[in-house]
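S.K.: Chain by chain, the residues run as shown.
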Amino acid sequence: MDISKWKRKNLLGIEELTTEEILKILEVAKFFKKTLGKNSQGKSHLKGKRIVNLFMEPSTRTRIAFEIAAKSLHADVISVAEQSSSLTKGETLRDTAMNIQALGADAIVIRHSSPGSPLFLSRLVDVPIINAGDGAHEHPSQALLDLYTLRERLGSLNGKKITILGDILFSRVARSNFWTLTKMGAEVTFAGPSTLVPKQFETMGAKVCHNLRNALKDADAVMLLRIQHERQSSSHFPSLSEYTNIFGLNKDRKKWLKKEALILHPGPVNRGVELDSELTDSSQSVILEQVENGIAVRMAILYLCTNFVSL
Amino acid sequence: MDISKWKRKNLLGIEELTTEEILKILEVAKFFKKTLGKNSQGKSHLKGKRIVNLFMEPSTRTRIAFEIAAKSLHADVISVAEQSSSLTKGETLRDTAMNIQALGADAIVIRHSSPGSPLFLSRLVDVPIINAGDGAHEHPSQALLDLYTLRERLGSLNGKKITILGDILFSRVARSNFWTLTKMGAEVTFAGPSTLVPKQFETMGAKVCHNLRNALKDADAVMLLRIQHERQSSSHFPSLSEYTNIFGLNKDRKKWLKKEALILHPGPVNRGVELDSELTDSSQSVILEQVENGIAVRMAILYLCTNFVSL
Amino acid sequence: MDISKWKRKNLLGIEELTTEEILKILEVAKFFKKTLGKNSQGKSHLKGKRIVNLFMEPSTRTRIAFEIAAKSLHADVISVAEQSSSLTKGETLRDTAMNIQALGADAIVIRHSSPGSPLFLSRLVDVPIINAGDGAHEHPSQALLDLYTLRERLGSLNGKKITILGDILFSRVARSNFWTLTKMGAEVTFAGPSTLVPKQFETMGAKVCHNLRNALKDADAVMLLRIQHERQSSSHFPSLSEYTNIFGLNKDRKKWLKKEALILHPGPVNRGVELDSELTDSSQSVILEQVENGIAVRMAILYLCTNFVSL
Numbered sequence: 002m003d004i005s006k007w008k009r010k011n012l013l014g015i016e017e018l019t020t021e022e023i024l025k026i027l028e029v030a031k032f033f034k035k036t037l038g039k040n041s042q043g044k045s046h047l048k049g050k051r052i053v054n055l056f057m058e059p060s061t062r063t064r065i066a067f068e069i070a071a072k073s074l075h076a077d078v079i080s081v082a083e084q085s086s087s088l089t090k091g092e093t094l095r096d097t098a099m100n101i102q103a104l105g106a107d108a109i110v111i112r113h114s115s116p117g118s119p120l121f122l123s124r125l126v127d128v129p130i131i132n133a134g135d136g137a138h139e140h141p142s143q144a145l146l147d148l149y150t151l152r153e154r155l156g157s158l159n160g161k162k163i164t165i166l167g168d169i170l171f172s173r174v175a176r177s178n179f180w181t182l183t184k185m186g187a188e189v190t191f192a193g194p195s196t197l198v199p200k201q202f203e204t205m206g207a208k209v210c211h212n213l214r215n216a217l218k219d220a221d222a223v224m225l226l227r228i229q230h231e232r233q234s235s236s237h238f239p240s241l242s243e244y245t246n247i248f249g250l251n252k253d254r255k256k257w258l259k260k261e262a263l264i265l266h267p268g269p270v271n272r273g274v275e276l277d278s279e280l281t282d283s284s285q286s287v288i289l290e291q292v293e294n295g296i297a298v299r300m301a302i303l304y305l306c307t308n309f310v311s312l
Numbered sequence: 002m003d004i005s006k007w008k009r010k011n012l013l014g015i016e017e018l019t020t021e022e023i024l025k026i027l028e029v030a031k032f033f034k035k036t037l038g039k040n041s042q043g044k045s046h047l048k049g050k051r052i053v054n055l056f057m058e059p060s061t062r063t064r065i066a067f068e069i070a071a072k073s074l075h076a077d078v079i080s081v082a083e084q085s086s087s088l089t090k091g092e093t094l095r096d097t098a099m100n101i102q103a104l105g106a107d108a109i110v111i112r113h114s115s116p117g118s119p120l121f122l123s124r125l126v127d128v129p130i131i132n133a134g135d136g137a138h139e140h141p142s143q144a145l146l147d148l149y150t151l152r153e154r155l156g157s158l159n160g161k162k163i164t165i166l167g168d169i170l171f172s173r174v175a176r177s178n179f180w181t182l183t184k185m186g187a188e189v190t191f192a193g194p195s196t197l198v199p200k201q202f203e204t205m206g207a208k209v210c211h212n213l214r215n216a217l218k219d220a221d222a223v224m225l226l227r228i229q230h231e232r233q234s235s236s237h238f239p240s241l242s243e244y245t246n247i248f249g250l251n252k253d254r255k256k257w258l259k260k261e262a263l264i265l266h267p268g269p270v271n272r273g274v275e276l277d278s279e280l281t282d283s284s285q286s287v288i289l290e291q292v293e294n295g296i297a298v299r300m301a302i303l304y305l306c307t308n309f310v311s312l
Numbered sequence: 002m003d004i005s006k007w008k009r010k011n012l013l014g015i016e017e018l019t020t021e022e023i024l025k026i027l028e029v030a031k032f033f034k035k036t037l038g039k040n041s042q043g044k045s046h047l048k049g050k051r052i053v054n055l056f057m058e059p060s061t062r063t064r065i066a067f068e069i070a071a072k073s074l075h076a077d078v079i080s081v082a083e084q085s086s087s088l089t090k091g092e093t094l095r096d097t098a099m100n101i102q103a104l105g106a107d108a109i110v111i112r113h114s115s116p117g118s119p120l121f122l123s124r125l126v127d128v129p130i131i132n133a134g135d136g137a138h139e140h141p142s143q144a145l146l147d148l149y150t151l152r153e154r155l156g157s158l159n160g161k162k163i164t165i166l167g168d169i170l171f172s173r174v175a176r177s178n179f180w181t182l183t184k185m186g187a188e189v190t191f192a193g194p195s196t197l198v199p200k201q202f203e204t205m206g207a208k209v210c211h212n213l214r215n216a217l218k219d220a221d222a223v224m225l226l227r228i229q230h231e232r233q234s235s236s237h238f239p240s241l242s243e244y245t246n247i248f249g250l251n252k253d254r255k256k257w258l259k260k261e262a263l264i265l266h267p268g269p270v271n272r273g274v275e276l277d278s279e280l281t282d283s284s285q286s287v288i289l290e291q292v293e294n295g296i297a298v299r300m301a302i303l304y305l306c307t308n309f310v311s312l
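Protein chains in written order, with my numbering: chain A, 2 to 312; chain B, 2 to 312; chain C, 2 to 312.
I should point out that these hints are in silico values taken from the structure, not numbers from a laboratory.
Any given hint could be a false lead.
Identical chains blur together in the list; that is why a pair holds if it fits in one copy or across any two.
Said to hold, decoys possible - Okay, derived cross-link-like pairs now, DMTMM-like style, lysine to aspartate or glutamate, Cα gap no bigger than 25 Å in a straight line:
| # | residue 1 | residue 2 |
| --- | --- | --- |
| 1 | Lys34 | Asp127 |
| 2 | Lys35 | Asp127 |
| 3 | Lys260 | Asp219 |
| 4 | Lys8 | Glu290 |
Computed from a predicted model, the values in this text were never measured in an experiment.
Could you build the full structure based on these sequences and the hints that come with them?
M.R.: In structure tokens, the structure reads:
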């Protein structure tokens, strides 16, 4: 595993990564995946390093996955959640980050509701900044673990057809996946109601489709997105059940998919809304494989970003 | 310490344990208790294991005791509290647990307000599930540490008389203790106001007593339960001070106890409500010994459940 | 590094420390500071020890600094925050501390809004109690890291003039710094509006000054305090902008300072209130050095207090 040419300190998004960089992350992840599992004591690649998790939005799997990834490499993990931090005393994000750096952090993993906040921090501090989701901008570690999972199942993605279905407009997962998938040569279709999937996405290079049957029929994999009912304003679609009626994936509509098509979801699933409970647990679903691969992929991200070669 | 015959993966409650299993947990706890204390660096029996603490209700001692127990065996501990988890986004408990398993947990310690939720999870996931208190059902690690403490002080419990006093109706601690104590041959009396200690408990095999003096006079130990004023509805007794007047244990009523009778309480104590401050700190009180023994007992539980022999 | 004569178990405040004790803490901190930094795996001076962080008020840097300090010495750290603890069930602070001791803690680091609560606990439990800020009383680790930073920059403080500016009346930082600085031979001026800096402070031995220009002109260092707008009642000054107009330190007023005078702030800074953004980030500001030195100073505190020699 040669990482001597890795030059990127921050993982802010997928858009700016080269294909070589993406493949290198997957290669390192594959190496680490073999070290996980029963009776393993992990690897000590990050022994003595301090990883700070700065999570400004609720999260189970991303926060825990980064924590487990760091601990599996024997790093120390410090968690800062908004509710118990000085941010409640009105400190700026900038000062919190500068302080975390002064406290000796070797990397900061940040989730924040404002798009661009990881980029903003990366210009202020010297330690690597890893974006764990910034508003509707990007969620790079999610897209990388999705890619890892797809390649494990499908091999090369060149020429493959991937449909991303749901609330594209507000989804950082859709954006990051668009970049990984197209860089790997796949053809991406954004699907959902026209209010959530405006035609403008075609200018990015995606296909846009407002008819579920058409969106599913040729897909090698379909990625569902969570309908974020906590953020839902009534203007985008009339009601949740209306959405489910027209775009929810269920047993009947599964017939529109190719037999071997994969079903992905970044979680947490709203069972019975965007995806029916039976399909969530079906053999086509790779949802839990995604979660599992998230550990190895994040080990790779942490290891590479804390060992970049400066020019 | 031979654990080669341990076959139980989950600790869901005491009711289903055999006497042999209970004694094995205590034997392993005794072994680990000797490894604790000054200048000890613990034991590495769980090195490389990941224990996930999933606490859906507030807790100081149980959560910390499991955390310290796991760390004393060199396991990694990941804490998930409801307030910062995806459960706030409407994820089901089932999906949270499936995800925690996919993230590589080696055991899940769960506290939840719904009776039966640990059992429910144990049917869905492959990793050991350890019940840290489920509604009014069971709190097995508490009963095991109570038993450990009683046996350290009293030796065999065969034929001993133990009174459990307070809000029996809503108490998981009372239920779990009933099972450990009767399996060890002790005679259990449930005492308190008739609204909180209905006659029906006699069908379980317990004595029921609504007179404090009678409940105390022959007891070798009395276990007090916390009056849960945060859950108190006015229908069970008129007021806290009414309860204290009739059933609170204080200096005067201590005379009704045998001189050497032990006083136990699972904590947190409402000083001056169910137990007077002076008695809480008296030499008959073993409340802090219970807390201390909780570490060794939980080390035993974690070690056994993650090393069960499948059939 | 000879610590064989260290006899103090608790760090409750600076007032009771001897000059020798203060110098010993700084000497040990200097030793540990050298062990920090890139590619260091820390020191194992506290391997196998359990440090419990009991934080009853929000904090980023102090809580994290103690956590990193403990982990850098290979201790286990257990965090208890008020919101998830049994304190929400009405348990007394005393019982929480007694329980934490029974759980096997080797030291308790406590932040609490009530002055004297660390002293109160130190009389109840046997494990070392370290005050991480108690109401308006003391914040000893903050004053020690301030002192460490000043001495690194200025050498001996004998005869040096230090101005502490802001809300002195409610500040534990001002009190603790007054004690370290005067014990080191410095001359301390308390400055700010007369409502926040009453003349009575002169009886402690401080100078009191209500004119900013006079307070700044001879100072070798100026320590700014946070204006705690979350605690602000209207009676102490008319408005925040009024305070800033008269006592805020900005680019223009910097001219009133000596060229080489240092600017300190315990953080979090209200940029534009007590200190202007440009000065916060200027070369005279040692604010981030303070944060960085906080790790080594707290390593020294934890190491010394858990290794005191009892008489």
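S.K.: Does each hint fit the structure? Answer for all of them.
M.R.: For each hint, the structure was consulted:
1. When the C-alpha separation of Lys34 and Asp127 is checked against a cutoff of 25 Å, the pair qualifies only between copies, where the shortest distance is 20 Å, while the shortest distance within a copy is 29 Å.
2. Taking identical chains as interchangeable, the C-alpha atoms of Lys35 and Asp127 lie at most 25 Å apart only when they sit on different chains, with a minimum of 20 Å there against 32 Å within one chain.
3. Only within a single protomer do Lys260 and Asp219 lie at most 25 Å apart by alpha-carbon distance; the minimum there is 10 Å, versus 72 Å between protomers.
4. Taking identical chains as interchangeable, the C-alpha atoms of Lys8 and Glu290 are never at most 25 Å apart, the minima being 29 Å within one chain and 29 Å between chains.
When the structure is compared with the earlier hints, a violation turns up for hint 4 alone.
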